[in-house]
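Trainee: These two chains come separately, so use the hints to put the complex back together.
Listed below are the residues making up each chain.
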Amino acid sequence: MSAADTLRTARLGFYYMLLNLKTIYRQPAALFFVVAFPILFLVIFSSLLTFEIGIPEQAGANVPVVKFSQYFVAGIMGVAIFGTSFNLLGTSLAIQQFDGTLKQLAATPLPRASFFLGLVGTALTYTFLQLVIMLILGVAAYGIDLPDASGWLTLIWIVLLGVPAGCVLGIAITKIIPSANAAPAVIQAPFIILQFISGVFFTLASLPTWLQWVAGLFPLRWIAQGLRSVFLPDAYRYAEPGMNWQLDIAAIVLAIWIVVGLGLAVLTFKWDRSG
Amino acid sequence: MPPAISIKGVTKRYGPVTAVDAVDLEIEAGQVYALLGPNGAGKTTLIEILEGYRQRDAGDVSVLGYDPQRQRGELNRRVGIVLQRSTPMEGLTPREMLNFSARLYDHPMNTDDALELVGLTEHADRRGSKLSGGQKRRLDLATSVIGNPDLIFLDEPTTGFDATARRQAWQVVRGLTERGATVILTTHYLDEAEHLAQKIGLIKDGRIIFEGDIAGLRREMETETRISWQPPTGLDLSDLLPEWSDLQQGADGRLSLPTQTPTLHLARLIDWARERGLEEIPELQVERPDLEEMYLELVDDSQELEQAEATEAR
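Listed in order, the protein sequences are those of chains A and B.
If you're matching positions, the first sequence starts at 3 in the numbering used here and goes up one per residue.
If you're matching positions, the second sequence starts at -2 in the numbering used here and goes up one per residue.
Everything labelled a hint here was simulated from the structure, so no lab data went into it.
One or more hints might be untrue.
To be verified - Pairs of lysine-lysine residues, derived as DSS-like cross-links and limited to a Cα-Cα distance of at most 30 Å, are as follows: (1) K133/B / K196/B; (2) K24/A / K5/B; (3) K196/B / K177/A; (4) K196/B / K5/B; (5) K133/B / K24/A; (6) K272/A / K133/B; (7) K24/A / K196/B; (8) K24/A / K177/A; (9) K24/A / K272/A; (10) K272/A / K196/B.
Claimed, not checked - Facing chain A, according to a computed beta carbon distance under 10 Å, are these residues of chain B, among others: (11) Q81; (12) L244; (13) H262; (14) R265.
As the list claims (entries may be wrong) - Pairwise CB distance ranges (calculated): (15) G62/B / D7/A: 16 to 24 Å; (16) D110/B / S181/A: 57 to 65 Å; (17) S126/B / R13/A: 48 to 56 Å; (18) D103/B / F204/A: 49 to 57 Å; (19) A12/A / S126/B: 25 to 33 Å; (20) R13/A / E221/B: 58 to 66 Å.
What you are looking at is a predicted structure, and each value in this text was computed from that prediction instead of being measured.
Backbone N, C-alpha and C define an ideal beta-carbon position, used for all residues, glycine too.
Same shape as in the complex, but just chain B (with noise of 0.2 Å):
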């Protein structure tokens, strides 16, 4: 089976902003791939790339096989794309408006199933302006799976749930993967992506920093170890950073050390200690972050792409 989505290259750029960064990426069909990222980090301009809202800079791009900026049309039949906002028509109910969506498509699902399946059969005649936060995201999913689509888009389908929420829509995603369409869902939530994806990818400015499953992230980032002590005033760093560019110094003067080789940096920090009579070395600390915290650390929202989008947009 051919892949679902294949890309060589893809590069976009907003003025002086490098929004995704020469991106490869195959995701096998069947599959549930979640792009996990901080904000800003490209994950929604890649994603509209793909669905046809955004124009490339460079590189090549086959989603299912058609081109999503010349064959948009086409692509439209065969996938469901749910957005980061969600806007229902006020005026509308559930049925109407998933009435009005199955008629798009070739081979559409029973609206009263896609009620059930999102758990919307209670409020099918309530009026758009009447639902809440979470049954409009219930109804945006209904809308995205009615054509019975090949494949799916989710653009952070949970973002601004509370903890309950989160996990009724997970629930309702695992609905619509288990019926064999190809879902790529973006998410900033490191436990949304390791719930619903068989595959990971992690993006960071604009490229893959990582691909794989959620053991594999595991391993590879809770491979650092970071030695870290306070600093007694008055001795010279000068010779130890040359050796030491990953050196930090927190607000409060501690410095820390991450590397893969913490016995033999340990040693050196000792021996470099001890030339200089100093017994003990003050709050010595080596330890090992686990992957939510590594992840946290990677979280620091840039805000600069955010408004690159923002600006391109109008």
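Isolated chain A (complex conformation) (with noise of 0.2 Å):
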């Protein structure tokens, strides 16, 4: 590929992702759901739950005290990061190929990697709305405490491949939706009990072993955990499994997820299933 071609296609993803984000932004269902629903969870949870959590017995002395909120936040904003792409990826996707929007789209020059980094980039602005939204009303409301310097460094990696991560995985899971209609319900199944194992309402300690595996097979787990070490003090690692943060294996599977996604994205995704 010359770099002419590459300028292309970077050219025409951007405003594949331009027309997309107009597109869901006119979406009042969408915008509610995938877009305001992780906001309205933390709203709720932090207003509801005001505790503050436990500090684990091997962090010693001199460990602050966390509020609920200052947990929780790390948790629904793993859900925003790894969920909104999942959830908008996948539904309007499978959509569009019951619909014949994408055979149409299909027949123009947009290349497939447009194609493909305009979902991503779609995905990422609106998982970073939602994450600015959360930060201002977690430091305003709840008394958040905002994360020092290398805490928004992890942030920023976290997003940045947890993002194209739940992209893959919702371009993946339309292979297995069998009509337009089944697409919200074939997407919140896995999706919720995901939530439920992946250490965002409870603990991952709280769970049987057995499950806390099937949640380490999955992106949101790594998430979570890795937004805990941007929002809890050090001395939390401790409540984790390992007593570490593990953000090494939390990068290499989210790596692998998005390199064995994006391949079974491209081998087994249909442009056209209106017939």
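Mentor: In structure tokens:
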């Protein structure tokens, strides 16, 4: 691929992203269920649950006490990072496969790479908006402490790996969606289960080991754990499996998902199921 | 100038059904060519092979010099495609859709010109979900030509339209063809092919059974005369049957014989009747159906292939 081709691919991907952003912006249902939902969860849970969370035994003395909202913001941001891309892409692509929109798109010179880049860009933009709103709300209304410099860095790379991982999984799951009407159900079922077993609402340690292993196969568990390293004091790592934030494993698992998922997505993706 | 489309021996099967059966076709650049035929004749399968949506089982295909199966990316830069189903993005306006589409091509038309060409200027800023069926179809047409394509595919552009909407759509299609692009259009309306195309390919059961202009089609199809009569009860027909294997019997018992040599066959029928002492053959008729009647007879909607296509697409 020449430099001009690469530039064209990037440029058209950008325009496709703008088109998608606009389309979703004008769909109240998508805006509410996908974009606003995690923010609402943050508001509801942080308002209802105001207790402080337990300090791990091994942490020793001088460990600051942490409010539930400080713990929960990590998990629910994980849901935003993984879930927005997974939901948004899975649902809208399945619908577009069945109604012929993608068949029409396949007739245009939009490069395949631009198409996928545009989708990832769309998810990244909406996720970024969600996170900014969550941080502002969290700080202003629920007294959440902002991360330190290394925490910000971790947050950034988790977003940059987590969103594409959610995207490729969203693209891949369209394969098992039998009809446009079934799309929301087929997407929500695994997503809700993942939220409960990935340490978003309950700590990982409270789950049986085998369930921790199941959760460990998917991105959300690692995203949530990485975000706890961003928002919780370091001593709280003793409450994690292996008494460690396991950021290295998180990066590897997400990278594998992106590579394998992208391969799967490209190989199995159907442009037209409208027949 | 090399032909815009040149294919040889193209075949496509869906299980036991042969949708396209060893078709050869050559379409000159700048021509409007109509693939005419009943539902399930193989029109859409053939056009989708040319567009690159479906893979052929055998044969050679060259579309603007490209093989759509292997070089679809290059081909897409120079063709415009109107699919059978219209799917504008509901949240977007025609202007937004066309602005986006224009960016995908190297030498696009101006969005305003494209809107003007299809008569959508007034509705340019209305959301896709608020457009009427005809307006959506016109947006499809505009989207397909915004890139100034050398070749335009129109798959049943007016199916489901009322008479007025069809006439308007024809106007638009004529406008497109005046720009010099090659157009290949599928339709099951004879009058649509007659109005729009310089050349017609009549397709039935996956084969092209006639190719030429409408006058040629008329000559070809109107040659057959039909002799029909009501056979009196109790007369044995068995000695006629081996000779007239084309003899058909309608639900009312009426016999009819399609033939190119009516005089000869009529004489034979009269002899046969005389031999049996029959002075008058009941309800004897000799008629020449016109093209429209012949065509309607041909369009005997076989649903089999459509189902096979639908299954394959899943």
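Trainee: Give a verdict on every hint.
Mentor: These are the hints, each one checked on the structure:
1. K133/B / K196/B: holds (28 Å)
2. K24/A / K5/B: Violated. K24/A to K5/B sits at ~45 Å, over the 30 Å cutoff.
3. K196/B / K177/A: violated (42 Å)
4. K196/B / K5/B: holds (18 Å)
5. K133/B / K24/A: Given that 30 Å is the threshold and the Cα spacing comes to 19 Å, the pair holds.
6. K272/A / K133/B: holds (24 Å)
7. K24/A / K196/B: Since the Cα atoms of K24/A and K196/B sit roughly 43 Å apart, the hinted pair is violated (cutoff 30 Å).
8. K24/A / K177/A: This hinted pair holds, its Cα atoms lying about 26 Å apart.
9. K24/A / K272/A: holds (24 Å)
10. K272/A / K196/B: It is violated: about 35 Å lies between the C-alpha atoms, which goes past 30 Å.
11. Q81: Because about 9 Å separates Q81/B from the closest Cβ in chain A, which is inside the 10 Å limit, the hint holds.
12. L244: violated (41 Å)
13. H262: violated (46 Å)
14. R265: Since the shortest Cβ distance to chain A is 51 Å, the answer is violated.
15. G62/B / D7/A: 16 to 24 Å: holds (20 Å)
16. D110/B / S181/A: 57 to 65 Å: violated (39 Å)
17. S126/B / R13/A: 48 to 56 Å: violated (29 Å)
18. D103/B / F204/A: 49 to 57 Å: Roughly 55 Å apart at Cβ, these two residues keep to the hinted range, so it holds.
19. A12/A / S126/B: 25 to 33 Å: holds (31 Å)
20. R13/A / E221/B: 58 to 66 Å: Distance hint for R13/A, E221/B holds at roughly 60 Å.
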